[in-house]
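Number of protein chains: 2
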Amino acid sequence: MLRGDITVAIRNAVMHELAEVGYGRLSIEAVARRAGVGKTAIYRRWGNKLEMVLEIVSDVAGRSVPLPDTGSFAGDLQLIMMIVHRALQHRIASQIIPDLMAEAARNPQIAETLQAALHTHQQAVGEKLVGQAIARGELPEGTDPEVAVDMILGPLYWRLAVSRSPMPDDYLEKLTTAVTAALKSTAP
Amino acid sequence: MLRGDITVAIRNAVMHELAEVGYGRLSIEAVARRAGVGKTAIYRRWGNKLEMVLEIVSDVAGRSVPLPDTGSFAGDLQLIMMIVHRALQHRIASQIIPDLMAEAARNPQIAETLQAALHTHQQAVGEKLVGQAIARGELPEGTDPEVAVDMILGPLYWRLAVSRSPMPDDYLEKLTTAVTAALKSTAP
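Residue numbers (the UniProt record's numbering), protein chains in the order written: chain A, 1 to 188; chain B, 1 to 188.
Be aware that one or more of the hints could be misleading.
The list treats identical chains as interchangeable, and a pair is accepted whether it falls inside one copy or across any two copies.
[As the list claims (entries may be wrong)] Calculated pairs, DSBU-like style, for lysine-lysine (alpha carbon to alpha carbon, straight line, at most 30 Å):
1) 128 with 174
2) 128 with 184
3) 49 with 39
Because the hints were derived from the structure by calculation, they are not lab data.
Could you put together the complete structure from these sequences and hints?
Put into structure tokens, the structure is as follows:
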């Protein structure tokens, strides 16, 4: 294998092991076996398990999602909700995310890495979405992008990742209407 | 110790062990040691670790929270948000909840137990809150209690338990305004 291919193989193996056994039970041996490389290939790249997982996860989490501009706030919202919906339904993501969040409650380094990646992302998404809507005259000046992100992602995350309730067909549409009305009400 | 005291001591020990080491690393030995009882006292009550944790956690999760009737929807919302806020900031809860959710992604029995407790609760809370508000003429007939619960708990859960961002002083007030506007918009 080429050097770059080995790194890719290790990254994939780490993501699969995280999904299957979780951070607590993940071992360098199992990652090496799954990637088809020796343990030294791993230790040449990272000092230990924590370092390896932090770098790989923050790289994946930090990849910028293409921000939509569909021409209307309702369209942007529905698109972003569909992206989040798909991501949370993804087999690997739906196991890795809760697992790392549980580790984060015990390990400050994991907490900081995840939160830094999340904050950068959600700030960018919130500012772009709300900024576009204000420019189009769909939301009032002064709409709070931070509250917007909580209102857009929170209900969806709650339903799909916490209460795991079924999602009625018209749910995303209802949520879009609700979020738009909510944001109009919060501008000063 | 009396029989009932032993059960209480074991329950407390389980909750503390769950918070400290998580379900995956929790051992019957450590629970017995912390509770100051023999392992047989535990095995007389539960067949194994999964059974023990499921019964104890579903008992705690199923305890009914007193549902507020403050006389106004805004008041009810602010009270319920303060209750959730305090619960999510609680040291033990803030470690146990993400840990069990991570286990739930791998273990269907844990997932079902948690979701059953959550669904019963949130349905009762949603129906009571929204029902009261409709009776008072604050929300239109036909307001969806399920969407209401997602809009009330989701943003708060996202901010406090996922993105763990600081909460500005006027946040709960802004959220109350936003949720009220959102719900008015979703009635048919």
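Structure-based check of each hint:
no., hint, in the structure
1, 128 with 174, "both (22 Å within a copy, 21 Å between copies)"
2, 128 with 184, "both (17 Å within a copy, 27 Å between copies)"
3, 49 with 39, "within (12 Å within a copy, 34 Å between copies)"
Hint violations for this structure: none, all hints satisfied.
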